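There are 4 protein chains.
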Amino acid sequence: MALVVEKTSTGREYKVKDMSQADFGRLEIELAEVEMPGLMSCRTEFGPSQPFKGAKITGSLHMTIQTAVLIETLTALGAEVRWCSCNIFSTQDHAAAAIARDSAAVFAWKGETLQEYWWCTERALDWGPGGGPDLIVDDGGDATLLIHEGVKAEEEYEKTGKLPDPKTTDNAEFQIVLTIIRDGLKTDPKRYHKMKERLVGVSEETTTGVKRLYQMQANGTLLFPAINVNDSVTKSKFDNLYGCRHSLPDGLMRATDVMIAGKVAVVCGYGDVGKGCAAALKQAGARVIVTEIDPICALQALMEGLQVLTLEDVVSEADIFVTTTGNKDIITVNHMRKMKNNAIVCNIGHFDNEIDMLGLETFPGVKRITIKPQTDRWVFPDTKSGIIVLAEGRLMNLGCATGHPSFVMSCSFTNQVIAQLELWKEKGSGKYEKKVYVLPKHLDEKVAQLHLGKLGAKLTKLTKAQADYISVPIEGPYKPAHYRY
Amino acid sequence: MALVVEKTSTGREYKVKDMSQADFGRLEIELAEVEMPGLMSCRTEFGPSQPFKGAKITGSLHMTIQTAVLIETLTALGAEVRWCSCNIFSTQDHAAAAIARDSAAVFAWKGETLQEYWWCTERALDWGPGGGPDLIVDDGGDATLLIHEGVKAEEEYEKTGKLPDPKTTDNAEFQIVLTIIRDGLKTDPKRYHKMKERLVGVSEETTTGVKRLYQMQANGTLLFPAINVNDSVTKSKFDNLYGCRHSLPDGLMRATDVMIAGKVAVVCGYGDVGKGCAAALKQAGARVIVTEIDPICALQALMEGLQVLTLEDVVSEADIFVTTTGNKDIITVNHMRKMKNNAIVCNIGHFDNEIDMLGLETFPGVKRITIKPQTDRWVFPDTKSGIIVLAEGRLMNLGCATGHPSFVMSCSFTNQVIAQLELWKEKGSGKYEKKVYVLPKHLDEKVAQLHLGKLGAKLTKLTKAQADYISVPIEGPYKPAHYRY
Amino acid sequence: MALVVEKTSTGREYKVKDMSQADFGRLEIELAEVEMPGLMSCRTEFGPSQPFKGAKITGSLHMTIQTAVLIETLTALGAEVRWCSCNIFSTQDHAAAAIARDSAAVFAWKGETLQEYWWCTERALDWGPGGGPDLIVDDGGDATLLIHEGVKAEEEYEKTGKLPDPKTTDNAEFQIVLTIIRDGLKTDPKRYHKMKERLVGVSEETTTGVKRLYQMQANGTLLFPAINVNDSVTKSKFDNLYGCRHSLPDGLMRATDVMIAGKVAVVCGYGDVGKGCAAALKQAGARVIVTEIDPICALQALMEGLQVLTLEDVVSEADIFVTTTGNKDIITVNHMRKMKNNAIVCNIGHFDNEIDMLGLETFPGVKRITIKPQTDRWVFPDTKSGIIVLAEGRLMNLGCATGHPSFVMSCSFTNQVIAQLELWKEKGSGKYEKKVYVLPKHLDEKVAQLHLGKLGAKLTKLTKAQADYISVPIEGPYKPAHYRY
Amino acid sequence: MALVVEKTSTGREYKVKDMSQADFGRLEIELAEVEMPGLMSCRTEFGPSQPFKGAKITGSLHMTIQTAVLIETLTALGAEVRWCSCNIFSTQDHAAAAIARDSAAVFAWKGETLQEYWWCTERALDWGPGGGPDLIVDDGGDATLLIHEGVKAEEEYEKTGKLPDPKTTDNAEFQIVLTIIRDGLKTDPKRYHKMKERLVGVSEETTTGVKRLYQMQANGTLLFPAINVNDSVTKSKFDNLYGCRHSLPDGLMRATDVMIAGKVAVVCGYGDVGKGCAAALKQAGARVIVTEIDPICALQALMEGLQVLTLEDVVSEADIFVTTTGNKDIITVNHMRKMKNNAIVCNIGHFDNEIDMLGLETFPGVKRITIKPQTDRWVFPDTKSGIIVLAEGRLMNLGCATGHPSFVMSCSFTNQVIAQLELWKEKGSGKYEKKVYVLPKHLDEKVAQLHLGKLGAKLTKLTKAQADYISVPIEGPYKPAHYRY
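Protein chains in written order, with our numbering: chain A, 5 to 489; chain B, 5 to 489; chain C, 5 to 489; chain D, 5 to 489.
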């Protein structure tokens with residue numbers, strides 16, 4: 005795919021796989037709207053006042069049908085939007101086409117190369133001569149990273165005249181990042197500085213991106229305010245948990261059609277994502293074994309009847325392996341060599357380094373047989389035994405299925421809209437410093453509230469006497485900040 | 005698709021969608037073999053002695069990857085095979101291509117018209133001048149029905165010279181059957197008689213087909229012996245139950261990506277299929293309501309915490325409707341009109357008359373919007389409210405997903421192989437009359453036994469004293485015939 | 005406790021623990037009546053016509069609150085009743101007191117010796133000079149066994165003059181049986197013959213008793229007709245399954261207060277009882293391992309995510325062991341010696357020989373520490389490690405808790421009432437030979453029907469067209485005899 | 005029971021129900037020790053250094069077997085201990101007897117009057133002329149409250165000479181508190197001041213007590229440092245959740261023997277306690293309906309397939325009602341009047357005002373029938389319909405059963421020991437001000453760690469590279485403070 009930006013008849017830029025899928029995308033977007041009451045009610049509540057009028061928003065977040073409804077909520081509130089995906093496999097091409105045709109500048113397709121991926125990210129950040137976006141919606145932090153690395157390189161260049169050198173890193177992906185920045189520096193040595201100046205803030209979607217933000221905050225290197233959307237209760241305790249409970253089996257089934265009942269499944273990590281995965285596998289009739297480093301999470305697994313062992317203990321008897329840790333090198337090629345024939349290995353964490361794909365790809369004599377896109381059988385030369393790796397070690401629920409379902413994404417994305425509104429509203433007030441913030445409890449409760457009606461729920465209302473007795477306002481918020489749900 | 009039979013280079017007939025998918029089909033067949041220990045061990049045990057040498061077997065059963073492994077087990081045991089699917093949407097085209105290229109005469113593709121469907125059935129039964137097949141593997145009983153209707157028409161024709169008249173029935177599908185028979189009669193007025201004469205017997209896969217067989221046995225019209233494979237414990241209590249527990253959510257997810265958690269789901273019927281569906285939906289976080297006619301099954305549902313109501317009680321508040329009854333007119337167009345916008349309506353029973361598709365299609369002013377193949381939104385003119393119907397009311401797990409997974413189908417299909425072996429072995433012995441039989445308990449237990457090793461299970465062995473104490477042989481069978489598991 | 009029969013003011017015989025508990029028993033009986041709609045509706049339907057007028061019924065069945073409601077249903081229908089328990093630990097003394105005071109002759113208390121147990125059984129069968137009962141309600145078959153052994157001994161005595169010799173058996177309990185018969189023979193050498201002559205039939209409650217009956221039928225030694233109540237669907241698929249799912253954790257908690265979550269539990273046997281036990285333990289958060297001899301049941305366990313291994317594989321790592329097999333010598337003293345300190349060992353099968361209590365009691369140097377009644381810690385001399393045995397190896401749910409709850413027993417006992425009614429109605433008709441019968445399907449469905457209203461369920465009604473389509477009467481029965489539910 | 009303090013042969017004070025139960029208590033304590041690895045390992049780790057040497061500890065916490073192991077851990081570490089229960093029904097008399105005989109001064113029995121309850125609390129706080137305790141272990145905050153109210157009254161008295169007047173409050177229980185303080189003031193007008201001066205701090209066990217502490221902190225009235233043990237993850241996410249999941253059905257079964265399967269159960273409140281209760285009821289086969297004020301918790305319930313409605317919506321169709329809110333007036337007498345006959349009403353929250361017992365007791369014409377202790381049927385005069393109230397509206401798991409099992413209490417109580425050690429160690433350091441603190445994350449993780457071995461779990465260990473990648477120490481703590489588990 006040649007990397008040439010295309011334009012719609014109205015002049016909006018895009019680069020997608022197949023514009024003819026736009027109608028199909030539109031139909032699925034319409035279905036999703038019915039399942040996303042939080043976003044639709046944002047349109048109703050805020051649409052008339054056009055709060056995002058004048059705001060330029062860049063998003064780097066899986067370009068799916070659900071994201072399409074998010075994007076069109078942002079535009080319905082007055083924003084201008086440019087978008088890329090935050091994963092090479094996660095784009096749904098019909099969603100990308102519909103948005104590109106109807107609503108925003110999209111640069112995304114399923115099955116990008118890493119080179120293409122970063123090209124798309126750069127395109128999404130490029131708002132022309134006026135600098136970058138006013139706001140960023142980030143997922144995993146790649147858009148944020150590009151700006152931070154860009155600014156760093158520009159400072160170095162200004163000070164020393166030294167261009168970034170891709171050869172200074174072993175990491176293939178980071179080489180691409182440095183190359184892009186280097187090439188940019190040559191044309192405009194203030195490009196990322198201008199972005200940084202303009203930027204009001206970022207709202208970050210996921211655990212991994214949030215971790216990066218807190219590290220930057222700790223180091224004092226964070227360049228603009230950030231809202232941690234991931235740690236809204238209505239995000240991490242819903243999307244991460246119930247989303248994965250839904251999309252893990254979905255990905256397994258679409259990729260392999262394997263019967264889960266009766267199998268031994270290993271879930272590496274028992275955080276919110278791991279809890280969702282383990283619950284799904286157990287309910288489908290698998291015997292689930294958990295690996296954990298944290299004794300508290302381990303004890304939670306035990307209380308649910310799950311066995312807690314190390315990967316070494318079970319590597320040769322399990323049928324399905326899922327990584328959910330947010331850490332690296334969880335399943336190494338040496339583990340993979342010891343697995344049963346046709347053991348399934350997949351990752352549902354944000355980055356693809358939980359499984360040692362490099363070690364696998366470079367294992368002497370290993371043979372890759374692509375069953376179908378995102379489903380590969382890798383055969384080891386000595387044993388002739390093969391393992392099945394999903395989505396090349398990347399997020400299997402987005403690579404092999406369609407990610408989380410609309411309803412739970414509506415919770416997450418309503419937090420995104422609220423976070424973006426908050427940053428934009430306070431852009432001049434100084435309320436937000438170059439730090440990481442979470443949304444206040446009452447907004448978190450509001451997000452939940454917006455999703456109850458669709459499910460037919462009726463809340464109980466406190467009397468004044470009851471509210472006083474437990475020292476909360478009748479209308480909430482109802483819980484202290486440290487409450488764990 | 006023009007209905008012209010094609011031939012492989014070796015001269016074997018076929019008609020499939022796309023022969024270029026054969027390699028893909030072969031790769032998935034190889035994966036499935038690892039998951040189908042019962043069938044593979046039949047190949048090991050019986051392959052060398054070629055017990056099916058000389059046997060011509062016709063199959064009318066969903067032409068999927070799993071069925072491909074069944075077919076190649078039959079051919080590995082010496083049989084010659086012709087095959088068609090028993091549902092217009094259930095064929096997996098890559099499976100059909102691989103089998104057509106490598107192993108048997110296949111007439112099947114995903115998305116047949118009814119006309120094409122019966123053409124395929126006829127092709128599968130046509131073994132040339134020597135008459136029909138020796139054995140039939142049937143699912144739902146359509147191959148068996150064609151022969152019985154054919155024989156009936158031929159008798160009538162012989163007696164009265166009257167040809168069957170398609171106009172005598174309202175049923176569109178039965179009109180096609182009569183047309184085929186009528187046209188056949190003109191060329192060969194003894195065609196189905198010859199088939200009947202040659203036929204050693206049929207083994208029937210599913211509840212619906214079995215019901216037809218018992219009715220014919222009761223009427224005295226059954227023309228050849230039949231083995232009821234459905235009621236092997238290792239079939240009905242596994243495939244129907246655990247298979248649907250797997251494939252119902254799979255179909256829902258692939259067709260609609262809808263979040264199941266939080267939804268209200270109605271399961272019509274709480275037999276083995278309904279039990280599997282209800283379990284899957286409950287585990288995924290839906291609130292499940294069951295409709296039942298049978299008080300015993302209803303009480304079972306209640307004991308699992310499910311509500312038991314009538315469809316009328318809940319039609320306007322539920323989000324997902326699944327029919328599993330084996331009966332007709334379960335969800336009528338009047339029900340559908342009262343449903344919530346975008347309620348999902350689907351069927352996982354064998355035939356497509358559980359949902360009143362005719363009533364829906366002919367409802368004045370109704371509008372059909374095809375989201376994607378097998379996923380349609382039907383909008384009623386008065387309310388502008390739409391419902392989503394899967395697979396046009398046919399088996400949604402095969403229409404929208406890939407049916408049951410290999411492991412559980414290995415149980416079912418091992419019963420099929422054993423049944424076919426038994427019929428063929430006893431073809432001259434008179435052991436089987438024109439009646440319906442079930443396999444003996446020890447064979448049922450053997451099928452289970454063949455599937456334990458793959459799941460790492462170890463059985464306990466009775467001592468002589470223990471076996472005597474409970475009056476069973478050490479090696480089984482362990483249970484009386486009436487035992488319900 | 006001296007074995008002297010007492011009499012109420014109205015002259016009815018009894019022997020119970022403490023008559024002062026009668027009021028408490030009455031209160032709990034009244035609560036149970038609300039939970040037993042099947043029995044209560046029998047009183048409404050049949051009470052007015054007094055169908056049991058003149059019938060003398062002996063029952064040998066756990067003398068609990070639920071049984072009290074059964075007994076008073078029999079008396080409400082006109083019967084005269086004498087009762088004993090079928091287990092030395094299962095009597096609830098307040099229930100026995102209330103019934104003895106108000107309704108029937110009761111001989112039962114919690115904690116009988118075996119000697120006392122058989123004395124009670126004999127008392128319950130003794131209707132004075134007129135011979136034995138007209139009908140027997142049996143559970144486990146001890147009343148039936150006493151008559152059969154009695155008749156056998158009387159025949160031998162008549163032929164050879166030889167009295168039965170208790171020394172001919174090692175089995176301590178059978179020695180007591182022979183002693184009773186021998187002593188009886190001295191006073192009346194035709195006692196059991198007279199019983200046999202009078203007896204119209206027996207209805208048997210449980211798997212174990214039914215197994216005995218089928219063996220006698222096979223041997224041709226069955227002396228009177230028997231109705232197998234256990235294999236009514238509304239008995240074995242409810243009481244055995246859902247009853248144990250309730251009462252197993254109840255017994256564990258009352259006896260040991262042990263936390264089930266996180267523990268490794270071994271369930272020996274995966275029949276209906278084992279399925280209920282395994283489900284309860286899994287749901288409470290234990291990791292459950294099943295032992296099985298039957299590959300079909302083993303495969304069912306695997307499909308539910310349970311591990312299937314042998315007892316030897318897991319004996320030293322599990323925390324809780326439950327036997328449910330109906331077989332003997334399942335857990336031997338050698339197993340027990342290898343268990344972890346304070347492992348819990350219990351049985352929920354009918355007889356106490358599943359656990360080798362004799363081996364344990366006679367193990368050299370073993371020490372028994374009674375924590376409280378029915379909860380003993382047994383310490384092995386070498387390891388100083390102890391195991392906790394519940395209810396001395398007898399039915400732990402009745403020994404350590406109160407057995408199954410009223411609602412599910414209402415299903416079982418409504419079958420009993422219907423069976424007794426049927427036997428009595430047909431007493432002269434010759435309909436029932438000396439064989440074992442099950443109740444017809446429509447009565448089974450009726451039992452279920454009687455329990456739906458209490459749970460707020462509403463059944464769907466077939467239309468005529470639907471009933472015809474599936475070839476069943478509109479009012480049922482709906483399933484063929486072989487249907488497994 | 006006359007309120008006279010008794011003394012052991014060694015001169016230690018006590019007041020318990022029946023000293024002869026001490027041996028039985030000791031046996032159960034020994035069983036519990038095996039299930040409480042956290043406490044036992046505190047004895048091993050800290051016992052030799054006797055860190056509590058010289059410390060006088062007063063506890064006001066359910067005097068159960070598990071608490072006995074806590075008390076003996078405190079004494080094993082060198083403390084002198086006086087104890088009372090924090091609930092009139094929660095004492096296990098055999099536990100109280102064993103501790104009174106062997107280890108500490110105990111004032112507690114099952115079934116205290118409120119008068120007796122506060123007498124016991126006062127006794128536990130009375131360490132003689134030297135003032136009160138050094139440390140308090142509190143549950144619900146009654147010991148803390150007595151001191152705070154005492155100090156307040158003494159200040160008022162000092163200023164104005166006014167004694168507290170019980171008539172100033174309607175609350176019967178608070179009248180007793182004021183009476184005690186008033187009577188104390190007459191003998192020693194500085195009694196509670198002396199206590200306050202001496203007190204190093206309190207560690208509080210439960211949500212309710214913690215709420216009180218935060219309110220006092222907010223008001224600036226807190227008189228000494230407090231450690232909030234409840235909000236240790238290893239407390240609130242284990243004891244509250246998994247403890248109640250175990251003990252709610254236990255209480256229901258022991259009190260009523262009711263079959264849970266098939267019933268409609270309403271759980272008021274879906275916090276940790278409500279989540280545990282709802283999970284237990286659902287797993288036992290009930291259909292569970294949740295009432296909530298908090299939209300986030302409500303949405304969690306929905307995701308688990310539970311219906312969320314108001315009590316008014318379901319009051320007349322449910323069978324079982326459980327309050328878990330920590331609020332008051334949840335179930336009023338007007339609700340109770342509308343319930344089905346024999347509906348079960350119970351509370352598992354700390355205080356007894358969730359159910360309007362006063363309204364019920366004073367309802368004109370209502371009749372109370374005590375089935376057995378802690379199980380009462382209340383019959384309304386108009387309908388003759390009754391409801392069953394457990395434990396007089398107090399904590400039903402402690403009133404009707406034996407509370408939470410040992411293993412999960414070991415988690416909670418290990419936090420208590422660690423909190424007490426911390427307070428005592430830092431008594432002179434000024435580290436703790438008059439505020440509420442939670443334990444640091446690494447101690448929370450340590451508590452979990454101590455409980456893994458017993459369940460056979462094995463943790464995974466981070467490599468240095470992995471630890472660096474996620475920026476945590478190899479040995480933990482692994483999570484940020486805001487992590488929700």
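Read the hints as simulated data drawn from the structure, not as lab findings. Source: prediction; values computed, not measured. Accuracy of the hints is not assured; some may be wrong.
[To be verified] Reference listing, derived: stretches of chain B covered by chain D, where coverage requires no fewer than 3 residues with Cβ under 8 Å from a Cβ of chain D: (1) 286-293; (2) 309-315.
[Said to hold, decoys possible] In silico EDC-like pairs for lysine to aspartate or glutamate, Cα to Cα no more than 16 Å straight-line: (3) B:K462 x C:E120; (4) C:K462 x B:D317; (5) A:K462 x B:D317; (6) C:K388 x D:E34; (7) C:K344 x C:E308; (8) A:K200 x A:E316.
Ideal Cβ positions, reconstructed from N, Cα and C, are used throughout, including at glycine.
Going down the list of hints, with the structure as the test:
1. Here the stretch 286-293 of chain B counts 5 residues with a CB under 8 Å from a CB of chain D, which clears the bar of 3, and the coverage holds.
2. Note: the stretch 309-315 of chain B has 3 residues with beta-carbon separation from chain D under 8 Å; the three-residue rule is met and the coverage holds.
3. For the suggested pair K462 (chain B) and E120 (chain C), the alpha carbons sit about 43 Å apart, so the restraint of at most 16 Å is broken.
4. Taken as a hint, the K462 (chain C) and D317 (chain B) pair is honoured in the structure, with Cα atoms around 9 Å apart against an allowance of 16 Å.
5. With a CA separation close to 19 Å, the supplied pair K462 (chain A) and D317 (chain B) exceeds the 16 Å bound.
6. Between K388 (chain C) and E34 (chain D), the direct Cα distance comes to roughly 14 Å. Compliance with the 16 Å bound is thereby established for this hinted pair.
7. In summary, the hint linking K344 (chain C) to E308 (chain C) is not supported, as the alpha carbons are separated by about 26 Å, beyond the 16 Å threshold.
8. With a CA separation close to 46 Å, the supplied pair K200 (chain A) and E316 (chain A) exceeds the 16 Å bound.
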